[in-house]
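Each position in the sequence shown, counted from 1, maps to that position plus 506 in our numbering.
Worth flagging that the hints you see were computed from the coordinates, not collected in a lab. Please read all numbers here as calculations on a predicted model, not as lab measurements. Certain hints may be false.
Claimed, not checked - In silico DSSO-like pairs for lysine-lysine, Cα to Cα no more than 30 angstroms straight-line: (1) Lys622 with Lys750; (2) Lys555 with Lys521; (3) Lys598 with Lys704; (4) Lys596 with Lys730; (5) Lys622 with Lys521; (6) Lys750 with Lys704; (7) Lys750 with Lys730; (8) Lys730 with Lys704.
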Amino acid sequence: MTERLGQGGMAEVYKAYQTGLERHVAIKVMHRHLTQSTDLVTRFQREAKSVGQLQHQHILQVIDFDIESGIYYLVMEYIQGQTLADYLAKQKTLSVEEALVIAAQLVDALDYAHRKGVIHRDIKPANIMLRHNKSNQVVLTDFGLVRLADENNLTVKGTLIGTPAYMAPEAFRGEPLNEQSDIYSLGVVLYQMITGSKPYSGDTPYAIISQQMNDPLPPPRQFKPDLPGEVEQLILKALAKNPKDRFRSAAEFYQAIQHIQTTQNTGHSSHSMPLLPADLSNRPPAKFNQWLLLTAGAGSVIFLITVAIVLTLLIGPKGTGVENVQAENGGVEQTGQQDRETTPIAANPTTGADAASLPDSTSTVAVVEIDSGNSESNAVNSSAEPVGMVEIPTGRFLMGSKFGESNEQPEHDVLVDGFYIDQFE
Numbered sequence: 507m508t509e510r511l512g513q514g515g516m517a518e519v520y521k522a523y524q525t526g527l528e529r530h531v532a533i534k535v536m537h538r539h540l541t542q543s544t545d546l547v548t549r550f551q552r553e554a555k556s557v558g559q560l561q562h563q564h565i566l567q568v569i570d571f572d573i574e575s576g577i578y579y580l581v582m583e584y585i586q587g588q589t590l591a592d593y594l595a596k597q598k599t600l601s602v603e604e605a606l607v608i609a610a611q612l613v614d615a616l617d618y619a620h621r622k623g624v625i626h627r628d629i630k631p632a633n634i635m636l637r638h639n640k641s642n643q644v645v646l647t648d649f650g651l652v653r654l655a656d657e658n659n660l661t662v663k664g665t666l667i668g669t670p671a672y673m674a675p676e677a678f679r680g681e682p683l684n685e686q687s688d689i690y691s692l693g694v695v696l697y698q699m700i701t702g703s704k705p706y707s708g709d710t711p712y713a714i715i716s717q718q719m720n721d722p723l724p725p726p727r728q729f730k731p732d733l734p735g736e737v738e739q740l741i742l743k744a745l746a747k748n749p750k751d752r753f754r755s756a757a758e759f760y761q762a763i764q765h766i767q768t769t770q771n772t773g774h775s776s777h778s779m780p781l782l783p784a785d786l787s788n789r790p791p792a793k794f795n796q797w798l799l800l801t802a803g804a805g806s807v808i809f810l811i812t813v814a815i816v817l818t819l820l821i822g823p824k825g826t827g828v829e830n831v832q833a834e835n836g837g838v839e840q841t842g843q844q845d846r847e848t849t850p851i852a853a854n855p856t857t858g859a860d861a862a863s864l865p866d867s868t869s870t871v872a873v874v875e876i877d878s879g880n881s882e883s884n885a886v887n888s889s890a891e892p893v894g895m896v897e898i899p900t901g902r903f904l905m906g907s908k909f910g911e912s913n914e915q916p917e918h919d920v921l922v923d924g925f926y927i928d929q930f931e
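All chains, full assembly: derive it from the sequences and hints.
Next comes the structure, spelled out in structure tokens:
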């Protein structure tokens, strides 16, 4: 091993040199203390299994998986480049042509993964690499939250897993995620590349979750008035609230992108691509039960105060606890600073304990992810915070629904006091 590339809640990633083949590789090593958890070891093994079966130019390649002296590790392709998140931080917005080229490569990778029965579940700019080569080839990374189509035992209905700003609305209703959920996440990335902002960017994770579930999608032309109509329709279709209104598959999404690229190159416009109903982006979301009575074991009073609000927005009556999971980019060397977006809301936020450890059976742990560059309000007051903790500032979000049942109305503003939580890194 030559250097450490980074670390997260689940593992550390190192750059290494493979002498036999005379090449650099990346090694993802699971934290030793987490190997006592059967669930987390199984998840780590599942990542190896899922990505190991994928051989695609736009998907990070897993070379080997093994255990040595009780240490689990993945050997992966080493990529020299930068994340799309870093690239967007510098460029702010991309041209329509460049954004579509990047999106086409990602959709191609998703189509391949979906046909292999693999759902990514955490597509975002920080998990997308741009190789340092002339073609700026795109590589989809970090399959740590992946779900295999034939494995359901590790993901309980009601589990929230991913990054709220890029998650599909059905995730917050506790519904199983599928190919359309990945399509939605990629739609958010495309929206961000072209407009320079994410569709929903509240001051707090709670606000973003509420917006994703309840608010109409801000039209991309609101930020980019000269955006071609077909490109806007492409984005709106990918970001439809109802999964049935999105592209039926990544292959269909890819064909739609190719159609636009062809018409742009020829200078002829066509409406053969399936378009959205005119009112789709403003269609109110389907009704759902937003309320859940939470119970927890002794010692969880502080947790209930800080987390009950977000869980009532996330899970229906059959929802369960939410997994505490952090995934890391593997096999990458980045030229810019990558934002670390996962912030756990832990059952005992005053202990400073490792937030990556599993909760006991009486606890409920919610994982939400915060874009560290989203707002100055996310800054940490290092002079006042307890050791090992990070400050979540006071913020507001909308609770309730304009379109829900009578006991869910009216939509009203709620203030959540600031609090401290365990810090991953």
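Taking the hints in turn, this is what the structure says about them:
no.	hint	verdict
1	Lys622 with Lys750	holds, 21 angstroms
2	Lys555 with Lys521	holds, 21 angstroms
3	Lys598 with Lys704	holds, 12 angstroms
4	Lys596 with Lys730	holds, 18 angstroms
5	Lys622 with Lys521	holds, 29 angstroms
6	Lys750 with Lys704	holds, 22 angstroms
7	Lys750 with Lys730	holds, 27 angstroms
8	Lys730 with Lys704	holds, 13 angstroms
Violated hints are absent here; each numbered hint is respected by the structure.
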